[in-house]
Structure formats: structure tokens, C-alpha cells
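Taken in sequence, the protein lines are chains Z and X. When we follow the working numbering, the leftmost residue of the first sequence carries the number 1, and every step to the right adds one. When we follow the working numbering, the leftmost residue of the second sequence carries the number 1, and every step to the right adds one.
Don't take each hint at face value.
Unchecked claim - Covered stretches of chain X (in silico footprint by chain Z; criterion: 3 or more residues with CB under 8 Å from a CB of chain Z, positions within the stretch not fixed):
| id | stretch |
| --- | --- |
| 1 | 43–49 |
| 2 | 78–88 |
| 3 | 209–223 |
Unchecked claim - Straight-line C-alpha distance at most 30 Å; calculated DSBU-like pairs for lysine-lysine:
| id | chain 1 | residue 1 | chain 2 | residue 2 |
| --- | --- | --- | --- | --- |
| 4 | X | 151 | Z | 154 |
| 5 | X | 257 | Z | 300 |
| 6 | Z | 170 | X | 175 |
| 7 | Z | 170 | X | 96 |
| 8 | Z | 301 | X | 25 |
| 9 | Z | 231 | Z | 154 |
| 10 | Z | 300 | X | 230 |
Worth flagging that the hints you see were computed from the coordinates, not collected in a lab. All values reported here derive from a predicted model rather than from experimental measurement. Built from N, CA and C at the ideal position, the CB exists for glycine as well.
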Amino acid sequence: MSKPKVLLLGEIAHAKAEWEALSDVATLEVCDSKNREEFIKDLKGKYSDIVACYRTFKSVEITGRIDADLVKELPKSFKYICHNGAGYDQIDVAPCSEKGIKISNCPSTVDDATADVNMFLILGALRKFNLGMSKLRRGQWNSGMPLTHDPEGKVLGILGMGGIGRALKKRAEAFGMTVQYHNRRELSSELADGAKYVSFDELLATSDVLSLNLPLNPNTRHIINKDAFSKMKDGVVIANTARGAVMDEAALVDALASGKVQCVGLDVFEAEPKIHPGLIDNEDVILLPHLGTLTYETQKKMEIQVIDNVRAAVTSGKLNTIIPEQVSMQ
Amino acid sequence: MEHVLLLGELAHTQAEWEALGQYAKLSICDSPTKADLLNDFKGKYSDVTVIFHFNNSPAGGLMDKELIDATPDTLKFICHNGAGYDLIDVDACLKKGIKVSNTPGSVDAATADVNMYLILAALRNFNFAQTLLRQGKWNDGLGLSHDPEGKVLGILGMGGIGRAVKQRAEGFGMKVVYHNRKELSSELSGGAKYVSFDELISKSDVISLNLPLNANTRHIISKDVIAKMKDGVVIVNTARGAVMDEAALVDALKSGKVASAGLDVFEEEPKIHPGLIGLENVTLLPHVGTRTVETNTKMEMQVLDNIKAAITSGKVLNIVPEHAHL
Chain Z
1 MSKPKVLLLG
11 EIAHAKAEWE
21 ALSDVATLEV
31 CDSKNREEFI
41 KDLKGKYSDI
51 VACYRTFKSV
61 EITGRIDADL
71 VKELPKSFKY
81 ICHNGAGYDQ
91 IDVAPCSEKG
101 IKISNCPSTV
111 DDATADVNMF
121 LILGALRKFN
131 LGMSKLRRGQ
141 WNSGMPLTHD
151 PEGKVLGILG
161 MGGIGRALKK
171 RAEAFGMTVQ
181 YHNRRELSSE
191 LADGAKYVSF
201 DELLATSDVL
211 SLNLPLNPNT
221 RHIINKDAFS
231 KMKDGVVIAN
241 TARGAVMDEA
251 ALVDALASGK
261 VQCVGLDVFE
271 AEPKIHPGLI
281 DNEDVILLPH
291 LGTLTYETQK
301 KMEIQVIDNV
311 RAAVTSGKLN
321 TIIPEQVSMQ
Chain X
1 MEHVLLLGEL
11 AHTQAEWEAL
21 GQYAKLSICD
31 SPTKADLLND
41 FKGKYSDVTV
51 IFHFNNSPAG
61 GLMDKELIDA
71 TPDTLKFICH
81 NGAGYDLIDV
91 DACLKKGIKV
101 SNTPGSVDAA
111 TADVNMYLIL
121 AALRNFNFAQ
131 TLLRQGKWND
141 GLGLSHDPEG
151 KVLGILGMGG
161 IGRAVKQRAE
171 GFGMKVVYHN
181 RKELSSELSG
191 GAKYVSFDEL
201 ISKSDVISLN
211 LPLNANTRHI
221 ISKDVIAKMK
231 DGVVIVNTAR
241 GAVMDEAALV
251 DALKSGKVAS
261 AGLDVFEEEP
271 KIHPGLIGLE
281 NVTLLPHVGT
291 RTVETNTKME
301 MQVLDNIKAA
311 ITSGKVLNIV
321 PEHAHL
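Construct the entire structure; sequences and hints are all you get.
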């Protein structure tokens, strides 16, 4: 009996040996389609017997989003999408589930690196370090720099206390912050580890610093909108390492201009790599180009996690880290 | 009659300063320059007993031997606003019977926050990333960086600030070793391994400078010492610029010996070695260590508490180590 065929959509940089080692349980193919049109054609041709794929965030530049239209074109054999990344909003889950296609992502391996960026953004926004750096490089030293604020004793509200949110809590507490959170459902006391569970509205109304750590999906798009800003504390500080589109970027720029939001730290943007010019013009804010997990150590861990999911899929029919929406499928 | 002279400007504690008026005559120094102050110490300030000292006082920021020797014999205490007091000649004070206090403790959290920010920025190459973004290049050419998790952080000078840095660094999964003049109690060191200076230099992935500047520590990080560090070491300094040879650092950054650096202080601040400005792998802050509303207020309050104690009991609360035996 021939081995199941597995397709690599994108590039593997660090775990090449681990990828090659999959050849004991699968036949490995590297996708060479140059664009979505060609990919769809190839799905009827040389990729018509693919069972599982390893896809990267960047491969969206070739295939486009894995939306209902593309899922329709996937061959009957195609049963598993093993995604490299914690956020999988590039994939429309419903059409996949309907077709019996299971999706895995990368929880936990991303936690520390993303939480590190997140904490950096909180510090940078509270202390307005970008303004300091800019003044220094302009030869102004710290002249005219306002006094800023310590994180110590401030309330950090985490919206979405999953793995990344909990890793952030640990870091924030080392800086003397008090942590509260809102989730779809309250966590066990073991997982919450002392953080107070509050409603969405209470989180907005009582947090000095708000951190966005929730996944992007139809329910959470623009969850932070003009209305939400109006419910926040005056002078709130916001950090976002989740997805740009959980926040209305234009409304954020307005809130910064009015002073409602004192400062922000962002690693993600609604239409990245395009950034709202109102943010670029603001010298106080800390802006990073979506580098949440861009370290050697974490990239390798993530690649291995995806490869392990592929192996589990073809050998047992079950994914190690199936996405929450599909847990009932296994 | 006690007479307290304010050398500098209060930002937050006007009311508490005025409350000292029940114990002493209060003066706010209006001498525009050092020369004027030298004169005024013979005139209207010739009966000053306590000085509230800020580093950025135009006339009296730098209290060198000349200025100390010119202070009236009535002066008994200089209560300094700041942890680092290297702008005050403590030897000259000792000889004149003047005791100096500083503000340890109140500076710890804010300085450690800056310190940890710089460690993250240096390890993760955030300065380059921010520059690329604001140039419209997104992360094109950024490459990968390194996680702090599992890396060895060597703290040189684990006083209050160093211990606050340790607490934060461990939240990021770093392993902390330290070197001090003397090993700390296990309670204070909280599990950090005490190592020799040489071992700290040669074994640390990240080196954090948290020691005071004095005659013994000037350029303690020299060209020779840098050569003994790990290839690709990361260095962070929130102490005083002059504990490190800035020109040697620039050379080491250019050669790649030092992979990246985070600096809040510079040898001749506000002048910065031009070699640093051109580098993308350094994060430079303009000595913002304690520049928050909350911490500045705490510090000013601490100085006022030291002044009140000096006036009412004859002893300050936070005498500097060099005068502790008095």
C-alpha cells in the first residue's frame, strides 16, 4: 500500500530534517504552484491525491485565503490542514468542517515569544519610550518629554486569556501589575492563577492597560470599536499582538487624538503591511511589524509542532492540536 | 535655626516641601550659575544647614570639590534626589563633615522596567524592526532574533535595582547570575547564583550593568573585558555611562562581538558617541530611568523624609555607603 501524500505549502526554515523524516510515513510533495489559479488547477492534477498539508502564514501569498471557494476545489482525499501559527483566520473554518477537513494550529509554542512582545509593547506604551528614542536620535535628548507612568500597581485587563494571555499575566505580575481578564468562559482557578474574571464591559471600564489576546473570527472582528473605546477609562493604554482586525484602527486613531487612549503598542494592523497614517504620524506609539514569534528558537518549535500534527494525522487520523471549533470532530 | 536650600526644582511635592517650614527656614536657590552660588554661599546662603540636591540644578548640579569647599560650615547634610550620586564629591564632603543621603529603593521598579525593556529590545532587535516599519519597509530584511527564555542574564551589581531586574527577567524565563563586591544573603539573592567578575563576563548571554559609578568602577567594562565576553553577547546599561568604555562598545558592536546593546545612559550625556547613532542594533534612551509621575513623586518624598529626619533627629534615613560609618 502506498504512503499517504503530504503537501508543503510554503517554506520550512529550521526543521528540514524533521520534515524529511516524515518520509517514513508519507510521500512528501513541495507545492510549486505559482498562484491561486495554478494551485486550483494542480489540485485537480498532481495534487489530486493529497491527504494532508503543512501550510505557512506566508503561503497565503500563493494560494490566497483558504475560503469556501478554495475549499470547494480541494480533492476528496484532502482531510487535514496543519497550519503554522496560532492565529488561523486565513482559513474559513465552517466550509472545512462541512467537508470533514480538520485543521490544527500552533497553540503553546507561540506563547512565550508573543507574550514577550506583548509585555514590551505595554512597557513601551506606558513609558512612551518611542518618543524618548526619537528625541534622542534628533539630538533633543529628553527635552520636552512628559513624565510618564509606571506599570506597578496598574490594572492590566487581558481580553482572551488563552496560552498567550496567561504567559503575559506571568510577565505583567513581575512588573507589579494586577491582572483581570475576560474570556468566552471563566477559566478554572488553576489556569486563572489568581486573575479576576470580569465581564467584557467591566474589563473595558476598569482596566488601566488593555491587552488584546483573542483570536480573530466573525464574532471578534472590530470587537474593539468606537463604542468600546467610549466605555474605557480616560487615558487607557492598549496593546495588540492578536490580529489587527479585532480593533477598528480608524477609531483607535480618533481615540488617540482625543486623548481617550493615551498610547498604544501594536504588533498587528488591520490591513498589514499597510498601516493607518494616523499611527505613523504619532511619535508616542510603539509599532512593530508583526514579529510576535520571529525568533530562531520559537520558529523551530512551531515548525516541529506542525510536522508532529502532520505525522499524527497520517498515522492515526487524529490531530495533536486541532482547533477549538473542531474539537468535537475527533 | 535650620535652613534648607533647594538646589533644583520640585515637580510634585510643593505642599510637603512647604510643610518643612515648621522645622526650618526654606530657600529656593536662584543663583543662575556656579559662580553666583559660590558667592551666595558667602551671602544669603551662608547659614544653610541642609541642601536638597537635584542633578539638574543649573548652579549646583555638579557639587565638585570647589563647590563643596565653598559651602558654609553650617552645612551638615546634602540630601540627594537620585540613586546615583556621582555628581557629588563624597570625599570632599567627608573631609568637611557633610553627610550625604540618596534615594535607594524608590528608584528600583522604574529603573528595572527600563532595564528589562532594553534587554528585550536588544535580544529581539526591536529598534531595527521599528525603524524598518516607519520607513515603510514592514519587516523586510529584519531576519530572526532570539528569545530571552533560557538565556543567562549576568547582573553586575545586584543592589535594589539589580534585584528588581532579576524579578522581571525571571518572568521571561531567564536564568540569573550576579556579581557584587560581596555575596548576598540567600534571602536577598533569591536563588541567583553568585559568580566571580570573570565568570559573569565569560558565561553570560546578556550582561546588565547595575552598579554605582565611582573611582573603582569607571570603565570597569573596558576593551579587554569586552574581549572576554561571549561572542554575540548583549549588553544593557541603566547605571552610569562611564562604567563602560563607550568607544570600546562601539568597536565591539561594529565587529559583532557585541550583538546588540540597550543604553539609557552615556559617558558624556547628553552627548552620545556618534558611532552609536549610526547602528541599527542598539536601543538608545535619553536617561529616562525614573521619569514617571509615580516614581518622581516617591523620590522627592524620600528626600523630604531624609531632610526631616536630619533636622529632627540629626540622622538621615538613607546615608550613602561612603558615609555609613559616621
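Verification of the hints:
1. 43–49: With 0 residues closer than 8 Å to chain Z, the stretch 43–49 of chain X misses the three-residue bar; violated.
2. 78–88: violated (count 0)
3. 209–223: violated (count 0)
4. 151(X) x 154(Z): holds, 28 Å
5. 257(X) x 300(Z): At roughly 25 Å apart (the allowed maximum being 30 Å), residue 300(Z) and residue 257(X) satisfy the hint.
6. 170(Z) x 175(X): holds, 16 Å
7. 170(Z) x 96(X): Given that 30 Å is the threshold and the Cα spacing comes to 50 Å, the pair is violated.
8. 301(Z) x 25(X): Violated: residue 301(Z) and residue 25(X) sit about 66 Å apart, past 30 Å.
9. 231(Z) x 154(Z): Between residue 231(Z) and residue 154(Z) the Cα gap is close to 18 Å, so the pair holds against 30 Å.
10. 300(Z) x 230(X): holds, 23 Å
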